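These protein sequence lines are chains A and B, in that order.
Okay, so the first sequence: first residue is 1 according to full-length UniProt numbering, each after it adds one.
Okay, so the second sequence: first residue is 1 according to full-length UniProt numbering, each after it adds one.
Calculated from the structure, these hints are not laboratory results.
Among the hints, erroneous ones may be present.
A few chain A residues that face chain B, going by a derived Cβ cut-off under 8 Å, partial list only [stated by the list, open to error]:
| # | residue |
| --- | --- |
| 1 | I111 |
| 2 | S113 |
| 3 | G141 |
| 4 | F143 |
| 5 | Q212 |
| 6 | F216 |
| 7 | P219 |
| 8 | T222 |
| 9 | L235 |
What you are looking at is a predicted structure, and each value in this text was computed from that prediction instead of being measured.
Glycine residues also receive a C-beta, built at the ideal position from the N, C-alpha and C atoms.
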Amino acid sequence: MNRLQESAFPPRKRQKVSEPVLTDEERLLFNLIRSRENIGIWTGDMKRETNLPTTVVNKSLKTLISKNMIKEVTTIQNKGRKHYMAKEFMPSEEITGGHFYSDGKLDIDYINSLKDVCLKCIFMQKVSTCEGCLEWIKRSGVFNTEVTTKQMEEILQTLVLDDEITQMISTGFGEFASISVGKTCYISKSKGGVRGEKKTADLTSFPCFSCQRMTFCSPDGTISPATCVYYQKWLDF
Amino acid sequence: MVSQWGIKFAVYLITNHFGKIVAKVCENLLNHGALTLDLAIRYTELSSEHVKNSLLVLIQHNCVQAFVAEGGDDDGSRVKTEYMVLFDNILHRLRFPKFMEIVSGDLDDKCAKIFEGLLRDGRLNMKQMVDRESQGKENAAAAAAVRESLLKLLMARYVERCPLPEARVVEREIITKKRGAKGAQNFKAPETKEQRVIEAAVRGDMIRFSLNADIGCNSDGETNPADTSVAETDAKEDLILWRANFEEFTRHLRDKALVENVRARMDDGAAIVLSAILKATRNKDKEVKIEKSVPLPPDTIFSEVIKTENGRTMTIDRVKAALVQLGCSNQMLYEYVVDLKHIIRWARNEEVESIVLKRYGRDAYRMFRHLSKENQFCPTDKLADATLVEKKEAPKLLYKLWKENYLHMEKLSVTGGNTKPVSILMWKVNQPLLWEHVLDEMYHGALNLKLRMASEQEKEEEIINTPKAKINESVPLLKKYKRLQNVLLLLGSSLMKLDDAIMLFHDF
Numbered sequence: 001m002n003r004l005q006e007s008a009f010p011p012r013k014r015q016k017v018s019e020p021v022l023t024d025e026e027r028l029l030f031n032l033i034r035s036r037e038n039i040g041i042w043t044g045d046m047k048r049e050t051n052l053p054t055t056v057v058n059k060s061l062k063t064l065i066s067k068n069m070i071k072e073v074t075t076i077q078n079k080g081r082k083h084y085m086a087k088e089f090m091p092s093e094e095i096t097g098g099h100f101y102s103d104g105k106l107d108i109d110y111i112n113s114l115k116d117v118c119l120k121c122i123f124m125q126k127v128s129t130c131e132g133c134l135e136w137i138k139r140s141g142v143f144n145t146e147v148t149t150k151q152m153e154e155i156l157q158t159l160v161l162d163d164e165i166t167q168m169i170s171t172g173f174g175e176f177a178s179i180s181v182g183k184t185c186y187i188s189k190s191k192g193g194v195r196g197e198k199k200t201a202d203l204t205s206f207p208c209f210s211c212q213r214m215t216f217c218s219p220d221g222t223i224s225p226a227t228c229v230y231y232q233k234w235l236d237f
Numbered sequence: 001m002v003s004q005w006g007i008k009f010a011v012y013l014i015t016n017h018f019g020k021i022v023a024k025v026c027e028n029l030l031n032h033g034a035l036t037l038d039l040a041i042r043y044t045e046l047s048s049e050h051v052k053n054s055l056l057v058l059i060q061h062n063c064v065q066a067f068v069a070e071g072g073d074d075d076g077s078r079v080k081t082e083y084m085v086l087f088d089n090i091l092h093r094l095r096f097p098k099f100m101e102i103v104s105g106d107l108d109d110k111c112a113k114i115f116e117g118l119l120r121d122g123r124l125n126m127k128q129m130v131d132r133e134s135q136g137k138e139n140a141a142a143a144a145a146v147r148e149s150l151l152k153l154l155m156a157r158y159v160e161r162c163p164l165p166e167a168r169v170v171e172r173e174i175i176t177k178k179r180g181a182k183g184a185q186n187f188k189a190p191e192t193k194e195q196r197v198i199e200a201a202v203r204g205d206m207i208r209f210s211l212n213a214d215i216g217c218n219s220d221g222e223t224n225p226a227d228t229s230v231a232e233t234d235a236k237e238d239l240i241l242w243r244a245n246f247e248e249f250t251r252h253l254r255d256k257a258l259v260e261n262v263r264a265r266m267d268d269g270a271a272i273v274l275s276a277i278l279k280a281t282r283n284k285d286k287e288v289k290i291e292k293s294v295p296l297p298p299d300t301i302f303s304e305v306i307k308t309e310n311g312r313t314m315t316i317d318r319v320k321a322a323l324v325q326l327g328c329s330n331q332m333l334y335e336y337v338v339d340l341k342h343i344i345r346w347a348r349n350e351e352v353e354s355i356v357l358k359r360y361g362r363d364a365y366r367m368f369r370h371l372s373k374e375n376q377f378c379p380t381d382k383l384a385d386a387t388l389v390e391k392k393e394a395p396k397l398l399y400k401l402w403k404e405n406y407l408h409m410e411k412l413s414v415t416g417g418n419t420k421p422v423s424i425l426m427w428k429v430n431q432p433l434l435w436e437h438v439l440d441e442m443y444h445g446a447l448n449l450k451l452r453m454a455s456e457q458e459k460e461e462e463i464i465n466t467p468k469a470k471i472n473e474s475v476p477l478l479k480k481y482k483r484l485q486n487v488l489l490l491l492g493s494s495l496m497k498l499d500d501a502i503m504l505f506h507d508f
């Protein structure tokens, strides 16, 4: 997984050895592409900025690719557009979408498995920090790629938003004894029977509040509670 | 202003209880606000007799309050009585079983029976209560026994004297009303006309919960109590009408909701302490919708905590820890104040979030929670990044939420250099507006449950009218009967649960 590589600017070695021979147009285009560093540039913008005809641009691009000097990259904002970048750069987050994107798509399976492992880790340790989770994952060897701190933070934040874990500040006492005071830590929300019963009236147990057609529903309308199929299903004893 | 579905639901309840004519009058009052008798007749297109009687029914059941607006430009010779519908009291009719449960749990059977009569008939005087008690019995019930029960109900504030039959409201009033020197300090201007009318009609606490006919008797002359005979006192007592004090029940249910919420969110200790604080300050707060608890010194809190069985297990340190957990402030003055509004807000949020999760899925739920946590405008891309939602999916989900009024959206046009202006969508959770919308949906849901109940009963009318013995004989009939019973039970219990949520959004 190349998206896990640390540096966006690996040193260029080969170029110093032998500079390929380029035409003026190719040189112009290549310099433009390289000046955009890890953002890259869209063909449309190239034409506008260099004032070269389309055929020349396309031909030059082909040559540059064949000489292994530039590469085509997918952008998250606009997958249909042809986007190019100098070979030595790694696409920035703006282009790829972020840590969890590969080939312009969100890697949902990877995210979900990371979430599961984190939840398990926090549940078993009772209380854990971002570093704690990372350490746990490293030791468990579940993933063969390295998980970065930034990724872990994002995963923990989404778990908080999922209402699966709670973010706390360690007091240094009791269950927080293992964590230094003032550090951000996380505790699991599912503690079995310890937590009080959920107080929400749980409106969702009856059909109306999980129904997306509520705006169309009225006593005499096409959708009405007397004829509603969801009600029928719910009241089917 | 009551929302659209709120009106529909209230009208449905009134139709169910008092028929279509009364409901028509009620609907017009709900839609047009306070009306004079003439206007009510014109709007409803009913005969004056019908409108008059409907208003009387609604007043009897505490759903309408009459008032006279003073201080307008009229010269006073043509004083017009207006009628204002009390939406809250109509909805309270749905909660009678809950109120009954509270009374029977707290007081004896006799009190519960008298209270039941008050709920059924709306308003009763002493003689009517005694007559009701005597019905179907050989010996007439002793007035003294009824008096005693009523006194208990008054002590607990479950029953009150009816408000003034015709309140006087000063138009465009500039806060001038004072109720003693103390009242003036915290007096806030009532917001709506409805509140103003209620405020003007309500009697002072002394009179409101007093059984004694002489105190604040609304007769015209000022008679000296010593001059009146027993017979006169009795006659005067019959002039006083009693009714259930809905405010006390709302308060009771609010306290229960608060404590249960804290129990779910924190632990039993915090719940016990909060319950003690609320008990110790009962009746000290003037309104039901209060933001903060009345300040209490720690000693008072502790002595209230140890009154309960579970509270006795707690040490002072644990009580203090629970107070910290409750986010108590004002320790400098050695008095503790709990932010009740915060608990209510939290409970409302949780309710809304659970709807979002069920209706729009987990990704939408995460984005919604992120927005309500941030409480500021957030662009689509940033939102998708923070919640790890596919960037292509995010706008679709957000649009869906926006279309159904769960989110607020603003379009920003960004121009930079020679590039074309790009429009960015910014999203936000607008809590007050959202809560209003959710409440409206809840009224809609409640109406749906009621309608479904009616349609189920109508469908199975045959079974309802069949004698029980006959049902027991036939297996398919029995099966149908059992199904109907289960259906009605499920619908009924869902309605009560939904009503808890309606109270959370409307009354607390």
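The hints, checked one at a time:
Against a cut-off of 8 Å between C-beta atoms, the interface hint on A/I111 holds, since the closest Cβ of chain B lies about 6 Å away. Proximity of A/S113 to chain B is violated relative to the hint, the smallest CB-CB distance being about 13 Å (cut-off 8 Å). Violation of the interface hint for A/G141 is found here, the shortest Cβ-Cβ separation to chain B being roughly 24 Å, above the 8 Å cut-off. Evaluation of the A/F143 hint against chain B yields a violated restraint, the C-beta minimum of about 17 Å exceeding 8 Å.
With a cut of 8 Å, the hint placing A/Q212 at the interface with chain B holds, because the nearest CB-to-CB distance is about 6 Å. Residue-level restraint check for A/F216 is violated (minimum Cβ-Cβ distance to chain B is 11 Å; threshold 8 Å). Interface hint at A/P219: satisfied, since its Cβ lies 6 Å from the closest Cβ of chain B, which is below the 8 Å cut-off. Hint status for A/T222 relative to chain B: violated, with the closest Cβ pair at about 15 Å, above 8 Å.
The criterion of a C-beta within 8 Å of any C-beta in chain B is met by A/L235, whose closest approach is roughly 5 Å, and the hint holds.
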